[in-house]
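Chains as they are written, first to last, in the UniProt record's numbering: chain A, 1 to 75; chain B, 1 to 245.
Just so you know, these hints were derived from the structure itself, not from any lab. The reader is advised that the hints may include incorrect statements.
[Unchecked claim] According to the in silico footprint, chain A covers these stretches of chain B (three or more CB under 8 Å from chain A):
#1 21-33
#2 67-80
[Unchecked claim] Reference excerpt, derived from the structure (chain B facing chain A, CB under 7 Å, subset only):
#3 V55
#4 V92
#5 G93
#6 R232
Even for Gly, the Cβ is constructed at its ideal location relative to N, Cα and C.
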Amino acid sequence: MAQTAVPSTSAAGERPAPVGIPLREILPWAVFAAVLGAVLIYFVGAEQGATSLIGGTWVHEFTHDGRHLLGFPCH
Amino acid sequence: MMRSLLVRGMLAGLAAAALALVVAWLYGEPQVNRAIAFEEAQAAAAAHAGHEEEVVSRTVQKTAGLVTALGVYGVALGGLFAIAFAFAYGRVGALGARATAALVALGGFVAVEVVPFLKYPPTPPAVGAPETIGGRTALYFGMVALGVLSVVAAVIVFRRLLPRLGAWNAAIATAAGFAVVLAVAFRLTPTPDAIPDGFPATVLWDFRIASLGVQVVLWATLGAVFGVLSERAVRRRSAATAAAA
């Protein structure tokens, strides 16, 4: 999976010039991390505030101080 | 490669959250307590009687709640940071891993903290009418989106201008354009914030500075720690590439 996809024709001795990671290798991770990150940040920052997926106010109250101090609108 | 970057991103995020937690406890919590004391004094004065039932106690909010919120936020941010680093590395000029991580951290801090902070600064408890939470949340996340888009746009514009204007002038032109875009957006967006009468101005100011401090420490630690951790991983990859050649 994590094969180095850089063409081996590029000069072997050259140290500098960092080689970018191929986009096709980044993309699936990017999509997954973005979705997961968005869900986590939503639960820390916004659940049971403007919108609510789970009933009650437990998530809101539990993350209350973090929400205020991280800068999210809390209530 | 992506796997090792992602692991390092989440670890750096956790380390950043741990340091940010210290700032939050030392500088943020005293202001939160003062704001809640004001809120309760107001409620008592208005004969609001029936004290709100506590779903989660203040002690839990200050400890387990704050630790969990910052920890989860740090790990999520660290993962996203690793992805942004993967896109940037080798594509923003001949910068090494540590310099790339520092630049990504600076860009991320401006995009998701500075831009929203300037228009919709964080509010302590008792500030902000509960009826407007829907609109304020939408505006806040809209401003985060604007921050991310304008920083990405600035990077693209700077790279286009670079060959024609040189580094100095290209940077000035990009910064000026960035400032104009934000100035216009800040002017056009509504300001629904409602600060209750008599809310102590020093508490509001100190709370906002504490919140900014939490974010500064979070992003700076994330960038510095990720740079150190990823440099080794990146070097190993170059060595493997060189060996394969």
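Checked hints:
1. Here's how the stretch 21-33 of chain B fares: 4 of its residues keep a CB closer than 8 Å to some CB of chain A, so the rule of at least three is met and the hint holds.
2. Check on the stretch 67-80 of chain B: 10 of its residues sit with their Cβ under 8 Å from a Cβ of chain A, so the three-residue criterion for coverage holds.
3. A cut of 7 Å between beta carbons decides the hint on V55(B): the least distance to chain A is about 4 Å, and the hint holds.
4. Interface hint status for V92(B): violated, as the beta-carbon distance to the closest one in chain A is roughly 9 Å, over 7 Å.
5. Residue-level restraint check for G93(B) is violated (minimum Cβ-Cβ distance to chain A is 9 Å; threshold 7 Å).
6. The beta carbon of R232(B) comes no nearer than 14 Å to any beta carbon in chain A, farther than 7 Å, and the hint placing it at the interface is violated.
Of the hints listed earlier, those the structure fails to meet are numbers 4, 5, 6, in rising order.
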